[in-house]
Structure formats: C-alpha cells, structure tokens
Amino acid sequence: MAMPENVRGRPVIDTGRCPDGCRACADACPTDAILVDGGPGSARIDLGRCVFCRDCVEGCPEGAITYGRDHRMASRTREDLALSEGVKLAAALERKMLKLLGRSLKLRHVSAGDCSACTAELQALGNVVFDLARFGVQFVASPRHADGLVVTGPVTQNMRLALEKTWKAVASPRLVIAVGACAISGGPFRGLSAVHDGVESVVPVDLFVPGCPPHPLTLLDGLLRLLGRIEDSPR
Amino acid sequence: MKALRNGTSIEERALPVLPPEEFRRAVLRGAEGGRIVAFFGRPLGEGVRLYAVLADDAAGTLAALASDVGDRFLSLTPDCPQAHNFEREICEQHGVHMEGHPWLKPLRSHAAPYSFFQVEGEEIHEVAVGPVHAGLIDPGHFRLQCHGEKVLSLEIHLGYQHRGVEEALENGPDKRAALLAECAAGDTTIGHALAYALAVEALSGSIAPPRAQAIRAIALELERVANHVGDLGALGADIGFLPTAAWFGRLRGEFLNLLATLSGNRYGRGLIRPGGVLCDVPAQLADDATRRLSRARDELRQVAGLFFETSSVRSRIEGTGVLTRQECNALALLGPAARACGTPRDVRRDHPPPGASAPPIPVAIAMTGDVFARSHVRWMETQHSLEYLIEGFRALPAGAIRAACGPPAPGRLAVSLVEGWRGEIAHVALTGEDGRFARYKIKDPSFQNWTALTLAMRGTQISDFPLCNKSFNLSYAGHDL
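So the protein lines, in turn, are chains A and B.
Residue numbers for the first sequence follow numbering that gives the first Met the number 0, so the first one is 0 and each next one is one higher.
Residue numbers for the second sequence follow numbering that gives the first Met the number 0, so the first one is 0 and each next one is one higher.
No lab work stands behind these hints: they were computed from the structure.
Don't be surprised by glycine CBs; every beta carbon is placed ideally from N, CA and C.
Do not rely on the hints blindly, as some may be mistaken.
[Stated by the list, open to error] Derived coverage of chain A by chain B (criterion: at least 3 residues anywhere in the stretch with Cβ under 8 Å from a Cβ of chain B; other residues may be distant):
| hint | stretch |
| --- | --- |
| 1 | 21 to 30 |
| 2 | 42 to 54 |
| 3 | 135 to 149 |
[To be verified] One side only, chain A facing chain B, incomplete, derived with CB under 8 Å:
| hint | residue |
| --- | --- |
| 4 | Val6 |
| 5 | Thr14 |
| 6 | Gly112 |
| 7 | Ser115 |
| 8 | Asn126 |
| 9 | Trp166 |
| 10 | Pro187 |
| 11 | Leu191 |
| 12 | Ala193 |
| 13 | Cys211 |
Chain A with its partners taken away, still in its complex shape (with noise of 0.2 Å):
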C-alpha cells in the first residue's frame, strides 16, 4: 500500500547530486535532521528528527532531496532510522515475546507533551478504516491491563514522573513504543529545558515511529511488523 497522493511518505536523498561540500540541506533543516558527516555524498536523513518539512527539498539547490510515498518507516532501533541506504524496518519481536503478546497486544496511551496530532492519529487507527482491533491490537484504559505503552511527545519534564509511574505500572515483560518525532529526539522541542529530548532518555523503547505526526498507515506498519505479520524485505 502506498501513501495517499502528495502526502509526504519517506524522503529519499539522491546523493550522487551532492557537490563536494555541499551543506544546504543540512543548514535548512528546522531540527538539524540532515547529516553530512563525511565526505561527499555522505548526506543522510535522520528520520527519528525529521519532521517531514518542505525546508530541505527547497533549500536543496540540486533538487536532490524528494519525499517518496512510502509509508514504511517504524524500526526496532534509533541508529536504524539514520541509514544512508534509507531505513532499517522493524524486525518482529523475538520468539518468546511474540507468543506471549502475538496474538493480543494491549497497549496504554500516554501523551507525554505531544501537541496531540500524533495523539489524534493514534485515535484515527481505532475508526472503521484503519480499525487496529481487527488486529488484535487495543488500547486500554490501565497500565494493569496493558503489554505495553505508546508514548508520544518529547517527554516534558512535568510528565517526567507520570510516564515513569505508567511504566512501573505495567507487568513484564512490557513495551514500549515511540510515536512521532518529538517521542524519538524532542523533534522541533529537541534542546528546550522543559522537555527530556524523548522517551528513550525515560525508558527504553521497542519500536520507533518516525513522523510529525506518522501517517496511520505507518504507525499500522510499524505495529504489524511488530507482530510479525508483515515480513518483506526492507527497501
């Protein structure tokens, strides 16, 4: 499946374009997304920073940097999100973890300083279309009864201690996944003395989504792939 027309799925640098100490992509990039950290051609998107902007493809004089209209995103390790060949998709869970949640995966919900788009596509998955219950995943209303959280925003300091005690609150093993570009590196609040940069500097986590906010079909990727349930090679 891809994503609808024009929306901007993964982007992709073509970087045979790149002149020899070029840096405009970088320099545009709002949350220092873009890394050229070697020598020509080595310019890479961290996805995990990337808010999905237009600055980088209009700050790039070479027309080298297009969004794709993949949807594919969500990866099982921050370092596998900065690829220079793209993206790392998410591997499932190991054996044992996938027999105890594979088939019934129940998850709580908390908004950890998100300017509640990612929030309200995380709600969009439970409507008739994307319908995450068919998949056997749920969102609860307790960490008592869930395998795992779903984490969005950068974690303010003021939701330090409430997302800490959510965590403890849920039985191992557990979960946890970050949603959305603030969840993963602070996104455009990254650096700011009211939030913590992520969930990762709180608790460790399982599944990275990257987006400002994800598309639900990629947060629905990313959660399949989890499961297991979708297995093809990575592009």
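Given chain A's structure and the hints, the job is docking chain B onto it.
Chain B only, in chain A's frame:
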C-alpha cells in the same frame, strides 16, 4: 489609545505606557465594552512591562496599551473575571504578585505542590482523574468534589504539556519558528500557522497574494470541519450511540485526507508560511475537491440527521452542562462555546485579516448553552464551512501563492487574530531593536475556555463529565504551550 486592526503592527514607542492605576482603569473600561484579547508581561529593566490587547468587536478594532510595574499589581480579576488566567500566568512567568486575585494558583508550573480546593462533610467524596487518562487523550488532572453523583466543584490542573513554545520563539524568527507555531496545538496547525504568518507579515509590512489568502482560508475551514465532525463523532461515542461515532469518524478522515492532498500532511503541516503558502491548488485538485466535498456534505446530512433527530441522543445532550450567557460574557468565552450561549463572536466576521475580500461566513449561534447547543453550533458551522469550501475551490483567484516577506522591522508590536475551530487564536509579537522577537505571546482559545468547563460541570452528575468535556474539546497543548 491608538487603534490597531487585525494583522497590523505599530511602533512600540507609539504605545501608551500608563501608570499602573490608570492602566488598570483603561483595561477595565476596554473589557466592559469589549474584551481582553491578550494580557501578558515581559521583563524590562528592573521590573516588568505589562501589555494588554483589547478588542472592540463591533468596531472591528483592537487597542494595545502597556504599563511598567514592579513586583505587584492590583488584580483586575475581582472586577473582571476574564482576566483570571492571564493574571495567574503573569504571576507565574514574571513573579508579579496580583494583589486581591481570588485564585492565584500555579497555572502550568509543577515546581511546588498544588493545593486543590476541597469540600468537606459527610458523604462528600473526591474523584481524581489524570494526568494519564483512560482513553487516547492528552494529559490534564481533574479533581471533582462530589456529593454522591452530584458534582459540587471541578478543578482543572494543567501544565503537563508545557514544552516552552513561547520561550523557544524568543530571538526568532529562526528556522524553527514556523514549526513551533504549527505545533502550538497540533489539531490547530492551520490556525496557529496562519496567526504566526500574519504576525510576521504585519511586522515586515508585507501581505500575502490573493490566491494564497484564498488557499489559507480554505485550509482553515477544512481544519474546522475535520475537527467539528470528529468531535460530533466523539460525542456519539460518549453517549454510546456508536453508528454515528463510526460514521462521523470516517468522514473526519475525508477532510483530513483532502487537507493532505492539498498540503502533503493530514494536519496541514508545511502549508502556511510568512508571505503566502507553499502549495498551489492545481485545477484538477480543485475540481476533485469540489466533488469530494459535495459527496461528504450529503453523507454528513444523513449522519447528522441520525444524531440530532434521535430522541435518546437529544435527551442526553439537552440541558446537560449549561453555561449562561452571563457566565459566557464574564469570562469572554471564545468560539463555538460562546456562540452556543448566544454570543455571536467570530473573528472571521469581526476582525477579517488584511486583504480579505470574500464575504464572511455566517455566524452560527444557539441560545441554550448546553451540550446540545455546543454540538449544534458545530454542525451549523460545518454546513456553512462546506458551502464556503465548495465555492472557494470553484472561485480561486489566479496569481502567485507567495510574496516576498522580509525580516521583521525593529521596535514594533503586531497583533494577529484567527478564528480557529475552537475560537479566537491571538498572536502578539514584539520585536527588539535588532528586529528579533523580544516577546512572542500565543493565546489559544483554550486558555480562556477551560474555566467554562468547570462552570458547566457545577451541579451536574459526575457521569456528565466526559460528555461536557467533549462538547468543549479544549486543547491541553494549546493551553500549556
């Protein structure tokens, strides 16, 4: 006092800086015939400069005034309840003690323990909810003081979403500024991005081309319709009337998807920037949008009919969570919450942005101030917006979508207002001598409207709380900033 209009700026030197007592009288006078749009502080020298922006909705004008105070100010709130949250905020941000303020508690800060209002007596009990809620909702903490099922008092403690948006905008505009505006309240991306763009344009003396203005207005109405329709569905879910919840829920997606076709993002991220918009509307998209909107309109009529004409729905929402017009005016409530109390306040009609040419969208009002009125106003507004959208896509002016927008001029104050789907969004930008933001003040309508929920809940049943809360659907992020 120098009159301003929406989307214009004045030199800060031209601003009347009154002695505190005179300033206080002037604000009270302005609030009586009009209302307070913004009231905030900024550290200056040894003390704090207070700024007030007042609106005269009938004349379509705004006024700004200032006063230099030390660490004390005689509170306006006892005489003017609409100053309530503004004064708590000034006290919290700048340490100005508001003498005589009846409720001078922290607004967002969690630095010190918060003392909740408590009711004592036999059979009195307290219900505490949040910050982590049972559903997919942003965090806030609610304390209900109850006698059996009856709610005597609801107190709302917020601040959990405080990210430091205003602080991050200081010394801007920089490359993050437009993103921060878009994220002030993520379900109001268009509203806040537009207010930001209008403020920067007012400071730099530029104006977006007619086509850009038309696309902005379309995006604003798409955002309104998506949210209103989504909320009508959520009300259906809270009542337990699930067919309408599912149906409205799907139709909400139609409008988000249309906004995504227009801008590349379901919430309109990356569409509006100072100077204009970044995405044009090709003729084919406009034709397609007209068709999609007409179809959605027909479906919405059916589902809204089912919702509003079902007697069990009506009996659940009529007379629930009533706000009086007096309460509405005392708090200067905004948006559908005000219009549902019979107060026809609407920035689109009263304070159109510079260069606006289209006739204003009719203002929808209801008189009963209950959950029914707030829902029905949303439905009427949805219909008005759909007519506007269908016509808007048909009659897009030709021309450029972006004009040059230079850097902000130094030493100026700009005010921009936008009628977001929850009500008036106000941005006030002040530039220093270097042309950078010396202060950037954002007011989301939620800032003023959260108090309305506490009033609406008094004397109701505790089981009405979700329904009342949903009928306002206020923003946590927009309040906490």
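Now the hints, each set against the structure:
{"no.": "1", "hint": "21 to 30", "verdict": "holds (count 4)"}
{"no.": "2", "hint": "42 to 54", "verdict": "holds (count 5)"}
{"no.": "3", "hint": "135 to 149", "verdict": "holds (count 4)"}
{"no.": "4", "hint": "Val6", "verdict": "holds, 5 Å"}
{"no.": "5", "hint": "Thr14", "verdict": "violated, 22 Å"}
{"no.": "6", "hint": "Gly112", "verdict": "holds, 5 Å"}
{"no.": "7", "hint": "Ser115", "verdict": "holds, 4 Å"}
{"no.": "8", "hint": "Asn126", "verdict": "holds, 4 Å"}
{"no.": "9", "hint": "Trp166", "verdict": "violated, 10 Å"}
{"no.": "10", "hint": "Pro187", "verdict": "holds, 4 Å"}
{"no.": "11", "hint": "Leu191", "verdict": "holds, 4 Å"}
{"no.": "12", "hint": "Ala193", "verdict": "holds, 4 Å"}
{"no.": "13", "hint": "Cys211", "verdict": "holds, 6 Å"}
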